[in-house]
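Residue numbers (numbering that gives the first Met the number 0), protein chains in the order written: chain G, 0 to 151; chain V, 0 to 157.
It should be emphasised that the hints constitute simulated quantities derived from the structure, not laboratory data.
Because the structure is a prediction, the values reported are computed rather than measured.
One should not assume that every hint holds.
Derived CB-CB ranges, DEER-like [stated by the list, open to error]:
no., chain 1, residue 1, chain 2, residue 2, range
1, G, Leu63, V, Asp109, 17 to 23 Å
2, V, Leu65, G, Asn64, 56 to 62 Å
3, G, Asp51, V, Glu147, 23 to 29 Å
4, V, Val17, G, Arg1, 28 to 34 Å
5, V, Pro37, G, Gly65, 31 to 37 Å
6, G, Gly65, V, Ile87, 47 to 53 Å
7, G, Asp51, V, Arg31, 18 to 24 Å
8, V, Asn33, G, Gly42, 37 to 43 Å
9, G, Ala7, V, Leu65, 32 to 38 Å
10, G, Gly34, V, Trp132, 24 to 30 Å
Going by beta-carbon spacing under 7 Å, a handful of chain V positions derived as facing chain G [as the list claims (entries may be wrong)]:
no., residue
11, Leu69
12, Ser73
13, Ala74
14, Asn93
15, His96
16, Thr97
17, Glu101
18, Tyr128
19, Pro131
Don't be surprised by glycine CBs; every beta carbon is placed ideally from N, CA and C.
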Amino acid sequence: MRLQRGIAAGLALLMGSCVSLRFDRDRVNEPVDDGSLQALVPGQAHLADVLDQLGAPTIVWPSLNGRVVMAYAWLDQCGLGISVSTALQRSLSARVRWDSEDLEIPAIVVELDPELRLEVVRRGLLRDLVPEPLEGNVEPDDVSDSVRSLRG
Amino acid sequence: MTRPKNAPAFRALRMASVAGLMLSLPGCFFARVNRNDPLVPSAVEQLLPGTTTAQQAVELLGGPTLVVQLGDRSAYRYDHTVTKATGIFLGIFNVGHTDTREDRLWLFFDAEDRLTHVGTSLQSHRARYALPWEDLHESSKKESADRERGLVGGTDEE
Chain G
0 MRLQRGIAAG
10 LALLMGSCVS
20 LRFDRDRVNE
30 PVDDGSLQAL
40 VPGQAHLADV
50 LDQLGAPTIV
60 WPSLNGRVVM
70 AYAWLDQCGL
80 GISVSTALQR
90 SLSARVRWDS
100 EDLEIPAIVV
110 ELDPELRLEV
120 VRRGLLRDLV
130 PEPLEGNVEP
140 DDVSDSVRSL
150 RG
Chain V
0 MTRPKNAPAF
10 RALRMASVAG
20 LMLSLPGCFF
30 ARVNRNDPLV
40 PSAVEQLLPG
50 TTTAQQAVEL
60 LGGPTLVVQL
70 GDRSAYRYDH
80 TVTKATGIFL
90 GIFNVGHTDT
100 REDRLWLFFD
110 AEDRLTHVGT
120 SLQSHRARYA
130 LPWEDLHESS
140 KKESADRERG
150 LVGGTDEE
């Protein structure tokens, strides 16, 4: 009897119906090249130079006093996960899932003055770089969401 | 040698064990998701800053996926996304990978809706089926993908 139970439990585990472990990696777009950034001098470079060096931004939004902010974001993140599911009643089951992945989106954010001249270039995590407050009904979370949605 | 009383039950259990093991043998999947139509480089080349109007741009490329009002100015976003996903099932241990690349086009218009700037990044063709430990940013692989799409010299994001 003990052997049967052991085999049944082992089969359930092997078939992944009770416990499964995952290792995932998500990549979205490519990191911005440092060499391209060095060519952009605040106060001298214009929107045309930024687009020439960095290409099309991930997202553009208006900032205070006619400024324009553009973000170039990418993602390359690994995560471990474990999920455990069990049947509670005939038509009821429970599933517990844990992920090590805390989504952090690296980005380059460039701010342009009202004449579209480069003011600032900043590199870091998108959530730290998005200035507040934003204009035009754009929330900082909207910017992160637009990148997060790309994960497919 | 005596035959156990519950031999049929043991046989059934043994067969179930074998079937279970067969099911838990390694498996894999590939998936591809496309979002929006690809951007056509020849159409983008027809956009002329200082000349093309917002209406002409929409007639040429269709409706943008996003319009951002920047004070008197505006910016239109066009995009096409390709996601390639790969997975391996090793019994209870699963490995997954997704690679997502975009074609992006931003058109900036002045207060008179005349095109002032164009920003283009064409990378959707570089999405690859891969495993998590593979390097996807090798320049030789990117150049090869660019050549296949007819983008000699790469895109302007590099």
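Query raised in the report: Of the numbered hints stated previously, which ones are contradicted by the structure, given in increasing order?
Result: 2, 4, 7, 9, 12 and 18
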